[in-house]
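> The listed protein sequences derive, respectively, from chains A and B. Offset between the first sequence (1-based) and my numbering: plus 2. Offset between the second sequence (1-based) and my numbering: plus 409.
Simulated from the structure, these hints should not be mistaken for laboratory data. Keep in mind that this is a model prediction, so the values were computed, not measured. A few of these clues could be false.
Said to hold, decoys possible - Once the Cα atoms are required to be at most 25 Å apart in a straight line, the calculated SDA-like pairs of lysine to any residue come out as:
#	chain 1	residue 1	chain 2	residue 2
1	B	Lys-415	A	Pro-131
2	A	Lys-448	B	Arg-577
3	A	Lys-127	B	Ser-569
4	A	Lys-448	B	Ala-643
5	A	Lys-453	B	Ser-569
6	A	Lys-448	B	Val-524
7	A	Lys-448	B	Leu-661
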Amino acid sequence: MIEHGSGAKVGSGANAVDEHTTEVDDNILVVRDLHVSYATRSGSVAAVRGISFVVPRGKIVAIVGESGSGKSTTSQALIRRLASGGRIDSGSIEFEGRDLGPMSERELRSIRGGRIGFVPQDPSKSLNPLMRVGDQIAEALRLHLKLSKAEAATEAVRILAEVGLPDPDARATQFPHELSGGMRQRVLIGIAWACNPQLVIADEPTSALDVTVQRHVLDNIDELVRRHNTSVVLVTHDLAVAADRADYVAVMSNGEIVEQGTTEQVLSAPTHEYTKKLVESAPGLASKRLTPSLTVLGEQQQSSAGKLFTHTRPAQPAGSSTASGAVAASAASSGADAAEATNILEVSNLVKTFALRRQGGGSQVLRAVDDVSFVVPRGSTFSIVGESGSGKTTTARIAARIASADSGTVSFDGTDVTSLSGEALRQLRRRVQVVYQNPFGSLDPKMSIEKIIAEPLRAFRVGDRTHRAEVARELLEHVSLSPTLAQRRPTELSGGQRQRVAIARSLAIGPELIVLDEPVSALDVSVQEQILQLLVDLQVQFGLSYLFISHDLGVIRQISDHIAVMRSGKVLEAGTAHDVMSNPQHEYTRELLEAIPGQRAK
Amino acid sequence: MTNLRKPGFVLGLIIIALAIVASLAPQLLATHDPFESVATDRLLPPSAQYLFGTDNLGRDLYSRVIYGAALSLLSASLAVVVGVVVGAVVGLISGFVGGRTDFIIMRFVDVLIAVPGVLLALIVVASLGFGPVSLALGVGLGAAGSFARVMRSQVLRIRSEEYVEAARTLGVRSPAILVQHVLPNAARPVIAMAALELGTAILSVSALTFLGFGAPPPAPEWGALVSAGRDYVATNPGLSIIPGAVILVVVLAVNRVARSIGGDE
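Let's have the full structure, built from the sequences with the hints guiding it.
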């Protein structure tokens, strides 16, 4: 379809409504030369710049792109629900042969929800929290199919069953907050399909869900497509999801479709540079651990001397000169210069419980971390993988001594640090640093980049102002950012750049262990790959050890030496990355591995 | 910067600029000596020579209004400074320390807010003696409660921000976190509120000087000028109305500019 989706073919597609019978030209949606722009204070900004594609009946067309590519704008423009300031400048959107562009709001309303369904991204915000889910489905049915109240209620239950909710009768009477994220998304899918639409637009329908849930939800969409012969426009950032599910793929970048064709063509023989890059960096599709890049290995040989901030490392004289360097000093003396402990971090039998208040009074204890033990060998990457609620982040926070455990011990470099507090704990920060998931939240918006990076140095009174500024600039280069960014604020940087700044900051004081809590989850895939490569390079350059937390086995595979799989607070399986990935022992690990999108592409 | 394209904002700025000049260097704007009485020119209507007319002692009302700006605006500004500083410190401590300290401090703040501002100001003025400084202290303390609440809510919000936790894990000490992270990020709403409060403070100060709690005569405070014109309201209403209108215009200008600073449009 798409590759010859211009000229005569599109023209005939426009008449598809009169010719349902001719299968070949049966395009439900024909988009021609669509331009969309947003009005901003500084003039209008083009978000979509002349895209054309068609959606054949009963097929799934994926629009793949990274943030800012215009993919979401496209999906909103298709049903004329652009965010404020958005405007369709030119082009046509023909749905069943009629152009939606000039249509009145009134006509559009009968099409939206009736003929065209919409599955939104965030299931936690898209349902009315005060309405029972059954009623929310029934609302669409009564509006578009003019069903009676009783008919709509029965139909709603049938739909809930169809989207795979167990015990649909009971579920229909529940409120959204009583359902899990996956169930809520199924309800939204049910609403989208409620009126038996010709076309469903799904904007990142599974991005907010865990991988195993994502898989089931996507399976469910597949099934509905087959059963109802619905067409779907699947908007996603995840090429692997598109690879698994779509018949056709259109890759968007900077408001343009840079490549489109059948899924097979695009993935196996990408022609555009951008698509190639995207295919290479998709974590679900990549399969190897990243190796340090050559330039770093070269530098490694001539490093140590001349590097400004290596002087700040505790192992060197400057570090131990701090009078109150309790941990550094005690570690040095207990280690007795003989040999550093082979394991930089050992945690054993960690337990952390939270009291949950139940509705009917009384409380229940949640064992967020349940008897967790592991060791992180020096200079390697130990990863904890798990889905939301698995306890992986809590474990990492305890290991980093941000949170405290109910019982169990954390020992760093052979020294028990479980109950450090006050100044001793502060001194531990010289050796253990943390990089957070959200680079938009972890940097103070009021500070300059230079100040942010130099903050640990300032906190430990290392060097004077000019020295710290120099170190900050040097660190910027280490994380491949231009030193000219030093005076900018975080808000002026992209997500990937901010995460680089956060990494630079964690390096400033010369730590030995860095705890990375989902450091790439908030980033676009092509940026993810760059950051992971950076982490691998820095690890070699500075002899760092990583405790890496992620929900994404694809990412974990690229960086880990050892892996622990967690669920419900327990470590189900642990071992070397190779063993866990190629020969998973626990059933849940296998399920996780199978749920990684992109299987079909292999 | 887009504010500078809005005529209301620009007009407000001009009025405030004039008011500032009047309070710092009144001789630049005044046409007469505000204390000199010309016996033959009593209770004259506005004219080219006397822009706002003259009062019952033959003093130029325009010049008295200009010279009055210093006392009225400076004590209003001082009041806001007192309110912001006291309120911000209390709110900052309350929000950052939390727990029992927070509880106790906030109950005191509740009491402070429960007492009407003017009444509180009267109490302070009565115990410290009449005059522009004690007036400012009184009005400022009256406003401190709301500042404390705003500051505390900001601190509570920022305390849970990830960059604050990040700073802690970087090894930054608590006082440094407070000064480097919490305060700069909490400041904006407090500053916006301070700007709005300035208008209210001008009104409160004028009201109290109208009642005679300010500097003793013949000091030309705005409220006192309105008060002095009261006796001639039937024959020369301008004596009260003109200083009143000046107060009104300045307060409006301050509020208009404050609204833009607060990003409230």
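> If a hint holds in the structure, say so; if it does not, say that too.
Hint check:
Using a Cα cut-off of 25 Å, the hinted pair Lys-415/B and Pro-131/A is violated, with the two alpha carbons roughly 41 Å apart. A threshold of 25 Å between alpha carbons decides the hint, and for Lys-448/A with Arg-577/B the separation of about 17 Å falls inside it, so the pair holds. Between Lys-127/A and Ser-569/B the CA atoms are separated by roughly 22 Å; this keeps the pair inside 25 Å, and the hint holds. Of the supplied pair hints, the one linking Lys-448/A and Ala-643/B is violated, its CA atoms being roughly 57 Å apart against a limit of 25 Å.
For the hint pairing Lys-453/A with Ser-569/B, the CA-to-CA distance comes to about 21 Å; that is within 25 Å, so the pair holds. Of the pairs offered as hints, the one joining Lys-448/A and Val-524/B is violated, with about 37 Å between alpha carbons and a cut-off of 25 Å exceeded. For the suggested pair Lys-448/A and Leu-661/B, the alpha carbons sit about 31 Å apart, so the restraint of at most 25 Å is broken.
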